[in-house]
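Q: Make the full structure from the sequences, and use the hints.
The lines below spell out each chain.
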Amino acid sequence: MISETGHFALALALCIALVQGTLPLVGAARGHAGLMRLSQSAALAQAAMVTVAFAALTAGYVRSDFSLLNVVENSHSLKPLLYKVTGVWGNHEGSLLLWVLILALHGLAVALLNRGLPLATRARVLAVQGLIAAGFLAFSLFTSNPFARLDPPPADGLDLNPILQDPGLAFHPPFLYLGYVGLSVTFAFAVAALIDGRIDALWARWARPFTLASWIFLTIGIALGSWWAYYELGWGGWWFWDPVENASFMPWLAATALLHSTIVTEKRGALKSWTVLLAILAFSLSLLGTFLVRSGVLTSVHAFANDPERGVFILLLMIVATGGALALYAVRAPKLRPDGLFAPLSREGTLVLNNLFLAAGCFTVLTGTLYPLILDVLDEGSVSVGPPYYELVFVPLMIPLLLLVAFGMLSPWKKSDLAGVLSRLKPLLAISAVAWGLVWWRATDTSPLPAFGIALATWIAGAVVLNHAERVKAFRSPPRDTWRRMRRLPSAAYGMSLAHLGVAVFVAGVTASSAWQSEVIRTMEPGDSQEIAGYTITFEGAATVPGPNYEAERGTFRVAAGERHVAVLEPERRAYFVQPTLTTEAAIHTTWMADIYVVLGEAAGDGRRVVRLYHNPLVPWIWAGTLLMAAGGLASLAGRRPGRGTAPAAAPS
Amino acid sequence: MIRLAALLVVAAALPLQAVEPDEILADPLLEARARALGQELRCLVCPNQSIEDSDAPLARDLRLLLRERIEAGDSDEAALAWIVERYGDYVLLRPPLEIRTLLLWIAPLLALGAGAWIVLTGYRRNRRRAP
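In the order they appear, the protein sequences are chains A and B.
Our numbering applies: residue 1 is where the first sequence begins, and numbers increase by one.
Our numbering applies: residue 1001 is where the second sequence begins, and numbers increase by one.
Hints in this document: simulated from the structure, not taken from any laboratory.
Among these hints, one or two may not hold up.
Claimed, not checked - Rough simulated footprint, nothing fancy, chain B against chain A, three-plus residues with beta-carbon under 8 Å:
| no. | stretch |
| --- | --- |
| 1 | 237-246 |
| 2 | 375-386 |
| 3 | 389-395 |
| 4 | 513-524 |
As the list claims (entries may be wrong) - Each pair of labels, with its calculated beta carbon distance range:
| no. | chain 1 | residue 1 | chain 2 | residue 2 | range |
| --- | --- | --- | --- | --- | --- |
| 5 | B | L1097 | A | G323 | 29 to 35 Å |
| 6 | B | L1103 | A | A419 | 39 to 45 Å |
| 7 | B | W1117 | A | R442 | 41 to 47 Å |
| 8 | A | G323 | B | W1117 | 56 to 62 Å |
| 9 | B | R1124 | A | V85 | 56 to 62 Å |
| 10 | B | L1058 | A | A138 | 38 to 44 Å |
| 11 | A | L634 | B | G1073 | 53 to 59 Å |
| 12 | A | A138 | B | R1124 | 55 to 61 Å |
| 13 | B | L1103 | A | F142 | 52 to 58 Å |
| 14 | A | A561 | B | P1028 | 40 to 46 Å |
| 15 | B | P1096 | A | D156 | 48 to 54 Å |
| 16 | A | T590 | B | E1085 | 40 to 46 Å |
| 17 | A | D376 | B | L1058 | 19 to 25 Å |
Backbone N, C-alpha and C fix where the C-beta goes; we use that ideal spot for every residue, glycine too.
A: Here it is, written out as structure tokens:
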């Protein structure tokens, strides 16, 4: 009965979404206030119905209702409650329902917030959202119904893939969806603006908080995924340039570019046409990612929904949404009022360059991801495009971008002041150069490149500190004055500093972990010790321990630095009962400057074990950096409400 | 949806513990070269994994082959060429530059060039508009 209610609510939500997607548009075109207001009530009702549907499916999982096909295929009565709940979105049908739920909640946010939004704009934004929702609701109902029944019900389920029974992965998808789907709001704002034929600073102020929020969620979502890969896959890697990772990385790159271009639109009324195009492209890349994964066209076997019907449906959705928006853009964009003026080396100028490199990077990732597919379709044989390709072409595109950060932060708006900026950057340049030389010498590397990464991080962090210090006049005015300025500084300024500091920390982490990892792979007997990077790791043996729905072999390793005890590490290999899968749980001791990473391998007879030991310098900085970026976004978001800009004190320095 | 989607199938290939102790060459310099080359080679039966990252039997065979060549005194290029000759270009994770991969390799430059051109014409138009 609960499931039927959910199913019915889902069908009702589709009907409501169709109304939401059409009548308000008519109302906005004819100036009919009643029809325009309908968009709000429809968004509320749609959110309520989808929530009911999602709750119904969750109830099915929590109560282990094995008359539901979806629950049978993805759950088991022995599974811990946490993973019963997260199992709701651990499969195609359920994850689609989560997608629709998040879409509806975003619609709700637009309907409830933005009180100052003109009625017609809100009607159009909500209508576009309604159309997107209708597409996905139809997709869910007609090709991927989560409420399909099974008769007779089996005694127990097939269990959720053990890989997904992990806290990192349990919360990775919802964050990514919040990001993807959040970009649909920006997309809707862009389409509404194109219909309206007007884009101004006010528009940017409404659209930016949503972009910022999606960007934060995408950042956290991607970080969670790579963190999971790091501790679960068992050899300390954290990014593999897999098409599936690229699918989430492309919208992130586009959203990052969009964040920066929206600032220019908001502060200077420029780059309007480009900002709108980026907003359309960012969401289109989310849809493309969905298509690539769902349809199974990737050479990657990553797709779990290898269903041509579903692939075609998403392809159609993508063509209609992207194609429609781009057609509208082609017709309307030339009519947008021309951009404001600015000099090439002003703050805006550097932000344009930022967008240039981010867009080129995004295009490169797109090419690398699609190229094998295109060659395949053209019958030109197969090629593999893997990490070595991206390291060769993507990384060089990011280096100028990172160098640019310092120039952007210190440049004034509107006018060029290259001489002034350079003279302020001189000490920073010296410090970074010294850091480069010092690290190169200390690391005794043959290549100067890893040390250059550290110099780059120093450069960015230095620019952040310099810019922040200048804005509060640190050391140039009495401390009390500095303190007053610090308190007056808008949170957006703190947001910018935090986020770019995060970039610096991230760059340092990536560089050090990829250049200076130490590794020992060997067979150890209980009692054996192994030196690695100044630590002594002693294997004390392995034992079998029971888990709730698995049995684990747990190794015990004692880590010491000289005489000093550091940690006891207990990596596991888990064999799950229902699905015959082995998972490895690496044990990690972090000092924040490095991770000691231990993986228990296969048994090699007589209590001996294959053991993998790693010392990964600065790896925690990768996630600390991404967290800082997200925190910066949050600080920036906290200072603004949709429709209101930052306080007048935010006048750019 | 994306990453998650991945996992159900990858699971079959887990745990992804690649290099085994018995494969490692005694000479650390040769082993380091083998590792670096291994990153360039695709495990042909795996989803986008290098032979270094895969525990598939084929990946192990390729790792052993690669080490044989290196121990026999092959240069990096010769060892790679030897494997490509037997397994085809598909085995290379960084495709060679040829006619059919030309676009792949010049795509970043094209994007950068087109973008730079758009930016420059934008500034030029701006200057004409400016008083």
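Q: Next step is simple, just say for each hint if it's right about the structure.
A: We went through each hint and held it up to the structure:
Here the stretch 237-246 of chain A counts 7 residues with a CB under 8 Å from a CB of chain B, which clears the bar of 3, and the coverage holds. For the stretch 375-386 of chain A, the assignment as covered by chain B holds, since 8 residues bring a beta-carbon within under 8 Å of that chain's beta-carbons and 3 suffice. With 4 residues having a beta carbon nearer than 8 Å to a beta carbon of chain B, the stretch 389-395 of chain A meets the requirement of three or more and the stated coverage holds. Beta-carbon proximity to chain B at under 8 Å applies to 3 residues in the stretch 513-524 of chain A; the threshold of 3 is reached and the given coverage holds.
For L1097 (chain B) and G323 (chain A), the hinted distance range of 29 to 35 Å is satisfied, since their beta carbons lie about 33 Å from each other. The given range of 39 to 45 Å is respected by L1103 (chain B) and A419 (chain A), whose C-beta atoms sit roughly 41 Å from each other. Between W1117 (chain B) and R442 (chain A) the CB atoms are about 43 Å apart, so this pair conforms to the stated range of 41 to 47 Å. One distance hint, 56 to 62 Å for the beta-carbon pair G323 (chain A) and W1117 (chain B), is violated here, with the actual separation near 25 Å.
Look at R1124 (chain B) against V85 (chain A): about 58 Å separates their beta carbons, and that is inside 56 to 62 Å. For the hinted restraint 38 to 44 Å between L1058 (chain B) and A138 (chain A), the CB-CB distance of approximately 42 Å keeps it satisfied. For L634 (chain A) and G1073 (chain B), the Cβ-Cβ distance of about 57 Å falls inside the hinted range of 53 to 59 Å, so the restraint holds. Remark: the range hint 55 to 61 Å for A138 (chain A) to R1124 (chain B) is contradicted by a beta-carbon distance near 47 Å.
Restraint check, L1103 (chain B) to F142 (chain A): a C-beta distance of roughly 37 Å breaks the suggested window 52 to 58 Å. The beta-carbon spacing between A561 (chain A) and P1028 (chain B), approximately 24 Å, falls outside the hinted interval of 40 to 46 Å. At roughly 52 Å, the beta carbons of P1096 (chain B) and D156 (chain A) sit within the given window of 48 to 54 Å. Between T590 (chain A) and E1085 (chain B) the beta carbon distance is about 45 Å. The supplied range of 40 to 46 Å therefore holds.
Look at D376 (chain A) against L1058 (chain B): about 21 Å separates their beta carbons, and that is inside 19 to 25 Å.
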